[in-house]
Amino acid sequence: MADKEVKLMKGNEVIAHAAVRCGCDGYFGYPITPQSEVMETLMELEPWKTTGMVVLQAESEVSSINMVYGGAATGKKVMTSSSSPGVSLMSEGLSYIAASELPCLVVNCQRGGPGLGTIQPSQGDYFQACKGGGHGDYHLIVLAPASVQEMHDFVGLGFDLAFKYRNPAMILADGAIGQMMEKVVLAPQQPRRTQEELLAQCGKWATTGKGERKEQNICTSLELQSELMEKINERMQAKYREIEQNEARWEEIECEDADYIIVAFGSSARICSATVEMARKEGLKVGLLRPITLYPFPTKPIEALAERGVKGFLSVELNAGQMVEDVRLAVEGKAPVKHYGRMGGMMFNPQDVLDELKDKLVK
Amino acid sequence: MAEVEIKAENLVYGKPRLITDEVMHYCPGCSHGTVHKLVAEVIEEMGLEGASVGVSPVGCSVFAYRYIDIDWIEAAHGRACAVATAAKRLNPQNLVFTYQGDGDLAAIGAGETIHAAARGENIVTIFINNAIYGMTGGQMSPTTLLGMKTATTPYGRDPQLNGFPYKIADMMAHLDGATYITRQSVHTPAAVRKCKKAIRKAFENSMAGNGYSLVEVVATCNSGWKLSPVAANKWMEENMVPVYPLGDIKSTTLPK
Amino acid sequence: MKETIIIAGFGGQGVLSMGKILAYSGVMQDFEVTWMPSYGPEMRGGTANVTVVLSDSRISSPIASEFDSAIILNQQSLDKFESKVKPGGILIYDTNGITHAPTRTDISIYTIDAAAECARLGNAKMFNTMILGGYLKVKPVVKMENVMEGLKKSLPERAWKLLPQNEEAIRHGGEIIKQVR
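Residue numbers (our numbering), protein chains in the order written: chain L, 1 to 363; chain D, 1 to 256; chain W, 1 to 181.
Hints are not guaranteed to be accurate.
Some but not every residue of chain L turned toward chain W, in silico, with C-beta under 8 Å [unchecked claim]: (1) P34; (2) G52; (3) Q179; (4) M181; (5) E182; (6) K183; (7) V185; (8) L186; (9) Q189; (10) R270; (11) A274; (12) E277; (13) G321; (14) M346; (15) Q351.
Distance windows between CB atoms, simulated [unchecked claim]: (16) D:V23 with L:K49: 48 to 56 Å; (17) L:K204 with D:M46: 22 to 30 Å; (18) W:R181 with L:G333: 35 to 43 Å; (19) L:K49 with W:D30: 31 to 39 Å; (20) D:P189 with L:R241: 56 to 64 Å; (21) D:T253 with W:Q76: 56 to 64 Å; (22) W:M144 with L:R241: 33 to 41 Å; (23) D:T20 with L:P114: 41 to 49 Å; (24) L:E227 with D:M46: 35 to 43 Å; (25) L:E5 with W:M1: 46 to 54 Å.
If you are wondering where the hints come from, they were derived from the structure by calculation, not from laboratory data. For glycine and all other residues, C-beta sits at the position ideal for the given N, C-alpha and C.
So here's chain L without its partners, still in its complex pose:
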């Protein structure tokens, strides 16, 4: 246990530790429940004294996402975190960052909405995260952690994907994963990139100051000529197709022989994995498909299960039915697709899900 650093931590705390350890250059945030522990932990860790990471409390979420934009434009590994209403405020900035093709990481520890809503867990921002949020045709790469360990692991993964595709990545967590404590194995400390390494990776586009470079680097999302703006859009869409092709991630639990498939992500998936255990004990063949990436959505494995003759799909979400639309698109009418959800910060338990599954699909 000595060499592996096993800790008991909240999901939010672990985001901070993972950020420092993966060599993040800057965090810019604004307090909001239920994710304030991220910045609190960073301020306690004082990484500016160790790795040189910048941590700054901004005056608003609008400001923090634009700080992220400014930091990302200089090629640095930068991030922010917030919760639903704060992410709404960030949505304009995210559209700019995506359009300027800059890498960054945003953590949304969702709470129940709409509006000011509640501070309890919810998954009501699936549409916002996966279908836009901000204006225009863009996508975030969206990762949905279902454990504190994945909160940790997805910080590094999120940055890797963000830099690979020069696109903002989002960890779409919720109050339950953020506030829950579990055992977590912390990664060893990685050094921050040196300026030479940064230039090797991002020198073609990052606004580092021209230095010896002849051409200007300009980070902008503006192109007033429609013909050119369409070309930019086409290039971005080609990138999204590539992401869809290469980066879909998911986990299948007891799906091989399943008659019924629950599709659930994040904290819902954890609850539903217990539902699978309960159903199997009763002799009901239920499996769980857990999308790990929400964008790109794991369409292919769902399609394959539908083609194999699964009798029904239940999309279980802490919302009024958002991901269910993507499940339906994947199933394409080959089997019934139902939704079960709670809203406003209420959670279901494994038994509730089993009851709903029986009621809606097993008649």
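Chain L is fixed; fit chains D and W onto it per the hints.
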């Protein structure tokens, strides 16, 4: 027009090296071109062209990045100071400045601007105050004078209806983090020279790590004001300058 | 081994930290552990609860429909969670402030008068560790040495001077817990 070769010994004035060959989209008579030139000259004179990052706004100067040959980040409307904050904190060796108009800075971006100044960010803001939204077609801005006619105050700015203009530079002078606040203009050769000195002082202030600097330039928008360039300069001197008096407002060091 | 515990009471009674000590103790014993709190303003004086799961294999859901053990510190929580204890499970409660005692006959019920005992000893701060001691006496899911390690881990270093007192409270809790049914 045929290319005319100018011999070095006959050259009395040249375009600053950092001003690109791009044709500027600014209206004839606009103050932006002059201020761009001063910024380019100062960066060159300070030897900072390799270490400068400008943040351009939304507004007429959105394309500033096409005209000054340094690295640029184009910010969302009003957010330049937030963008610059991170760019500077993550690259303290660089000169980072924002270039913003009165709509971008004093309306939608007032929050970001004031907080960057209050934090004492080592950035510079060049603030072009022409009391109007130029790019969107001449609407009222926060600094539009009382009685002034704009597209959204067609009968003149009425305080009952439209509220009062405000002097954001004077306001920001109260902030501990803002150490150099000055108000300049570029409507006469003497004013241009003074303004250049102020820009240099602001850039030096930020490179010395002495907190936030603001150079407000009281400027004209002859198109938006519907005046000839010469008449606009005169109108500015008679109407704008009494409300926005020129000169240094604050020059100090960061409090301990 | 899998033990799912709900600890519920008023904010300020140390509900969450009791759960934390238990969770850390589980970590010391190499168990898989989840600690799932209710959180927010309700922590500041309203009702608070935490679900702790200790298991020797991967824990599926940190949220449970029913519990192996319930530790109940006020009437509201008793009303809410009595029915959620698995048949054959246990319910421990402090009688202080309880007006309607639990009625189920298919579970084991214990009382621990820790509030009164703390008042008698003049040390209210040991309340939650005393309760925890009572629980561990009834359900020794974690070895005492690991509990002590977990206690240390869950406290900031500046509070380590209180460790001996807390150890004593855990031991004393084991002495004063009584089975009623």
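Now for the hints, and whether the structure bears them out:
1. P34: holds (6 Å)
2. G52: violated (26 Å)
3. Q179: Since chain W brings a Cβ to about 5 Å from Q179 (chain L), closer than 8 Å, the hint holds.
4. M181: holds (4 Å)
5. E182: OK, holds: E182 (chain L) within 8 Å of chain W, min 5 Å.
6. K183: holds (6 Å)
7. V185: Because about 12 Å separates V185 (chain L) from the closest Cβ in chain W, which is outside the 8 Å limit, the hint is violated.
8. L186: violated (14 Å)
9. Q189: Q189 (chain L) check fails; min Cβ-Cβ to chain W is 21 Å, beyond 8 Å.
10. R270: holds (5 Å)
11. A274: holds (4 Å)
12. E277: It holds, given that the least Cβ distance between E277 (chain L) and chain W is near 6 Å, below 8 Å.
13. G321: violated (21 Å)
14. M346: violated (11 Å)
15. Q351: Holds: closest Cβ of chain W sits about 4 Å from Q351 (chain L), inside 8 Å.
16. D:V23 with L:K49: 48 to 56 Å: Given a distance of about 50 Å, which is inside 48 to 56 Å, the answer is holds.
17. L:K204 with D:M46: 22 to 30 Å: The hint (22 to 30 Å, Cβ to Cβ) holds, given that K204 (chain L) and M46 (chain D) are roughly 26 Å apart.
18. W:R181 with L:G333: 35 to 43 Å: The hint (35 to 43 Å, Cβ to Cβ) is violated, given that R181 (chain W) and G333 (chain L) are roughly 56 Å apart.
19. L:K49 with W:D30: 31 to 39 Å: Roughly 34 Å apart at Cβ, these two residues keep to the hinted range, so it holds.
20. D:P189 with L:R241: 56 to 64 Å: With a Cβ separation near 57 Å, P189 (chain D) and R241 (chain L) satisfy 56 to 64 Å, so the hint holds.
21. D:T253 with W:Q76: 56 to 64 Å: The hint (56 to 64 Å, Cβ to Cβ) holds, given that T253 (chain D) and Q76 (chain W) are roughly 59 Å apart.
22. W:M144 with L:R241: 33 to 41 Å: violated (59 Å)
23. D:T20 with L:P114: 41 to 49 Å: This hint holds: roughly 47 Å between Cβ atoms.
24. L:E227 with D:M46: 35 to 43 Å: Hint holds: Cβ distance 39 Å, inside 35 to 43 Å.
25. L:E5 with W:M1: 46 to 54 Å: Given range 46 to 54 Å: violated, Cβ gap about 25 Å.
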